[in-house]
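*Asks:* Mind docking chain B on chain A? Use the hints.
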Amino acid sequence: MELTLGPIAYHWSAEKKRDFYARIADEAPVSTVYLGEVICSKRAPFFDKELPETIERLERAGKRVVLSSLAEVMLPRERKATADLAQMEHPEIEINNAAGLLARNTRPHRIGPFLNAYSEATIAWMVEQGATHVCLPTEMPAEAIAVAAAAGSELGVGIEVQVFGRAPLAVSARCYHARAHSRTKDNCQFICEEDPDGMPLSTRDDQAILRVNGIQTQSESYIELLDELPGLAEMGVTHARLLPQDVDMVAVAEIFADRLAARIEAAEARARLAEICEGRDFSNGFFHGAAGYRRIEAAARG
Amino acid sequence: MSPTDFSTAGELVCPAGTPAALRTAVDAGADSVYCGFRNATNARNFPGLNFTPEELEASVAYAHARGARVLLALNTYPPAGKVDLWREAAAIGARVGVDAFIVADMGVARHIAQTHPGSRLHLSVQAAASSPEAIRYYCENFGVKRVVLPRILTIPEIRAIKSEIPCEIETFIFGNHGLMVEGRCSLTNWMSGLSTNMDGVCSPAADVTYEREADGSMRSCLSGFTIDHFAPDENAGYPTICKGRYVAPHRPEGYYAFEEPVSLNLGRLLPELMEAGVHAFKIEGRQRSKSYVRSVVRSFRQAVDAIRAGAEPDLANLVALTEGQKETQGAFRSKKWR
Chain A
1 MELTLGPIAY
11 HWSAEKKRDF
21 YARIADEAPV
31 STVYLGEVIC
41 SKRAPFFDKE
51 LPETIERLER
61 AGKRVVLSSL
71 AEVMLPRERK
81 ATADLAQMEH
91 PEIEINNAAG
101 LLARNTRPHR
111 IGPFLNAYSE
121 ATIAWMVEQG
131 ATHVCLPTEM
141 PAEAIAVAAA
151 AGSELGVGIE
161 VQVFGRAPLA
171 VSARCYHARA
181 HSRTKDNCQF
191 ICEEDPDGMP
201 LSTRDDQAIL
211 RVNGIQTQSE
221 SYIELLDELP
231 GLAEMGVTHA
241 RLLPQDVDMV
251 AVAEIFADRL
261 AARIEAAEAR
271 ARLAEICEGR
281 DFSNGFFHGA
291 AGYRRIEAAA
301 RG
Chain B
303 MSPTDFSTAG
313 ELVCPAGTPA
323 ALRTAVDAGA
333 DSVYCGFRNA
343 TNARNFPGLN
353 FTPEELEASV
363 AYAHARGARV
373 LLALNTYPPA
383 GKVDLWREAA
393 AIGARVGVDA
403 FIVADMGVAR
413 HIAQTHPGSR
423 LHLSVQAAAS
433 SPEAIRYYCE
443 NFGVKRVVLP
453 RILTIPEIRA
463 IKSEIPCEIE
473 TFIFGNHGLM
483 VEGRCSLTNW
493 MSGLSTNMDG
503 VCSPAADVTY
513 EREADGSMRS
523 CLSGFTIDHF
533 APDENAGYPT
543 ICKGRYVAPH
553 RPEGYYAFEE
563 PVSLNLGRLL
573 PELMEAGVHA
583 FKIEGRQRSK
593 SYVRSVVRSF
603 RQAVDAIRAG
613 AEPDLANLVA
623 LTEGQKETQG
633 AFRSKKWR
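Sequence order for the protein chains is A and B.
Heads up, the first sequence stops at 302 in the numbering used here, and the numbers go up one at a time, no gaps.
Heads up, the second sequence stops at 640 in the numbering used here, and the numbers go up one at a time, no gaps.
Hints were generated in silico from the structure; no laboratory data involved.
Misleading hints may appear alongside valid ones.
[Stated by the list, open to error] DSS-like cross-link-like pairs, simulated, lysine-lysine; straight-line CA separation at most 27 Å:
1. A:K80 x B:K464
2. A:K49 x A:K16
3. B:K637 x A:K42
4. B:K464 x B:K638
5. B:K592 x B:K628
6. A:K80 x A:K49
7. A:K63 x A:K17
8. A:K42 x B:K464
9. A:K17 x A:K80
10. A:K17 x A:K49
11. B:K447 x B:K464
12. A:K80 x B:K447
13. A:K17 x A:K42
14. B:K637 x A:K80
15. B:K638 x A:K80
16. B:K464 x B:K637
17. A:K42 x B:K638
18. A:K80 x A:K42
19. A:K63 x A:K49
20. B:K628 x B:K638
21. A:K63 x A:K16
Chain A on its own, in the form it takes in the complex (with noise of 0.2 Å):
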């Protein structure tokens, strides 16, 4: 199994995502690592004019580069986002809405986990129409992951999984950073930008909940799947996606490469990434079947 570096989904300054995506190229024992845009189609002209020196310097340092697509396109800025990401040749993309299938029709494209692939018979269509490689939703239990990794194995095709970092729960029209300023979404003057690893949401009885990422809303505490490394191999997932949050996501990529080869145990493991997002909760629940915020322990497991 190999380690990915998903989009970055917050409001990073060109600047920070510079310096961000050096370190990883040259530091971070991922595979492949996906850029653009995912979230709001307001903020991809900051980092646009970096984006081919970016792809440079990524593949000069082995990575594999793909480039990842909206999640909602509506707006005209969006729908040309997604046609003219679809015409690309090079570096590989992933579509994460079905405005970007149809426009790549059946030329070679990763499936993003947007999408909603999760039923092998969905992936199956998919495939047939020139899906290389499929991102599974991060709400999929380990029941049906098993099923889709063996179909993928079958078809001949990549399964990802998410294993690190905030879950990806919504998004809407609406802008809930804008929202929260008491602005509108046309004048939000890029207000996210303050909140780099997402705005804290919590109930009225200050328990931390949910993180606001513009249109996008996420989970407070972190998805990490250490513990179950081992096991999604032994399914037949071929890739576990690291997503980039506001922490030395190198010494990250480094902890799941450790325990991947099994180097280290995996209390070792937990304890060092407990030490590197200082503060953060973890959460495994989705994976086990219970509430996404849960975190089973092994022991409990049986």
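*Replies:* Below, chain B without anything else, positioned relative to chain A:
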């Protein structure tokens, strides 16, 4: 008009959570009624709701005898390993003669198109097809004849889409107004362990509790999480996650982070929507009572008939349906909503 003739614009598509509600909707003037089975194959998999295969068969006969159509919602996403449940539901629907299947998942759409050729497919709002390209993907690959548009588009945007797609448009005009892109929301699964996409469940009633505080205030909770906290003089609403009040760094007082708990009512916009090329109007509420279904369907029936006849519709009547409640025209009126 034969029951399967979908060609008349201004079709009223009404909800039925039970056979009795279906008969009520048909009697009140529904052109079409949508419903689902008692399992995860539809997005209103609530206790006490929905149809057995036998009930569906009898309901189709009842509707057809009165010139109305039955649309079967198979609009959830089967997880790997469980697709047979959706295939069996499609086979039953085809056998009892439903007039269309409302689908969201590509695998389900493809199965019906292949296994039950000639069946009519409608694209559920759960597919979240919000651009002409996404809609055309489903039309070209699965022969979809109608799209139910997400409730995020303005009327000028709907008009523009209409000119670029080869199928009919259905829009929601009345009822509960979801805030997240449908078919892309795992909030309920995060808190409760039941998935909207895979299980057809949203903020499940079995996980809801109301807790009275010493000061007379009331907390409404889902799976133990406080979704809202109501002052003694406020009415405690149902704890739907996207309609709760939360605290953010700039909003320490607590605020509706996603939307006020409002009900969609496009009664006033009905003439404009028809003019924009909307073919069918959907009323939400499979979980609602017969009397609710009766009054809403009757009012919209009269309004649509008046517009069709070139007369002034009594829109005040439609507006009165949500009187006393907070209502919204959502995204339809202005993109400022976003």
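*Asks:* Taking the hints in turn, state whether each one holds.
*Replies:* The hints, checked one at a time:
Of the pairs offered as hints, the one joining A:K80 and B:K464 holds, with about 18 Å between alpha carbons and a cut-off of 27 Å not exceeded. For the suggested pair A:K49 and A:K16, the alpha carbons sit about 14 Å apart, so the restraint of at most 27 Å is met. For the proposed pair B:K637 and A:K42, the alpha carbon gap of about 15 Å is at most 27 Å, so the pair holds. For the hint linking B:K464 to B:K638, the alpha-carbon distance of about 22 Å falls within 27 Å, and the restraint holds.
With a C-alpha separation of about 22 Å, the suggested pairing of B:K592 with B:K628 holds against the 27 Å cut-off. For the hint pairing A:K80 with A:K49, the CA-to-CA distance comes to about 17 Å; that is within 27 Å, so the pair holds. Taking the CA atoms of A:K63 and A:K17, the gap is near 16 Å; set against the 27 Å cutoff, the hint holds. Using a Cα cut-off of 27 Å, the hinted pair A:K42 and B:K464 holds, with the two alpha carbons roughly 25 Å apart.
Distance hint between A:K17 and A:K80 is fulfilled; the C-alpha atoms sit about 24 Å from each other, no more than 27 Å. Pair hint A:K17 plus A:K49 holds up; C-alpha atoms about 12 Å apart against a cutoff of 27 Å. A hinted pair counts as satisfied when its Cα atoms are at most 27 Å apart, and B:K447 with B:K464 qualifies at roughly 13 Å. In summary, the hint linking A:K80 to B:K447 is supported, as the alpha carbons are separated by about 25 Å, within the 27 Å threshold.
A distance of roughly 16 Å separates the Cα atoms of A:K17 and A:K42; the hinted pair therefore holds under the 27 Å criterion. A threshold of 27 Å between alpha carbons decides the hint, and for B:K637 with A:K80 the separation of about 19 Å falls inside it, so the pair holds. The straight-line distance between the Cα atoms of B:K638 and A:K80 is roughly 22 Å, inside the 27 Å bound, and the hint therefore holds. Only pairs whose Cα atoms come within 27 Å are accepted, and B:K464 paired with B:K637 is accepted, the gap being roughly 18 Å.
Pair hint A:K42 plus B:K638 holds up; C-alpha atoms about 16 Å apart against a cutoff of 27 Å. About 13 Å separates the Cα atoms of A:K80 and A:K42, which keeps this hinted pair within 27 Å; it holds. For the given pair, A:K63 sits about 20 Å from A:K49 by alpha-carbon distance, which is consistent with the 27 Å threshold. Among the hinted pairs, B:K628 with B:K638 is consistent with the structure: their alpha-carbon atoms are about 18 Å apart, no more than 27 Å.
A C-alpha spacing of about 20 Å is found between A:K63 and A:K16, which places the hinted pair at or below 27 Å, so the restraint holds.
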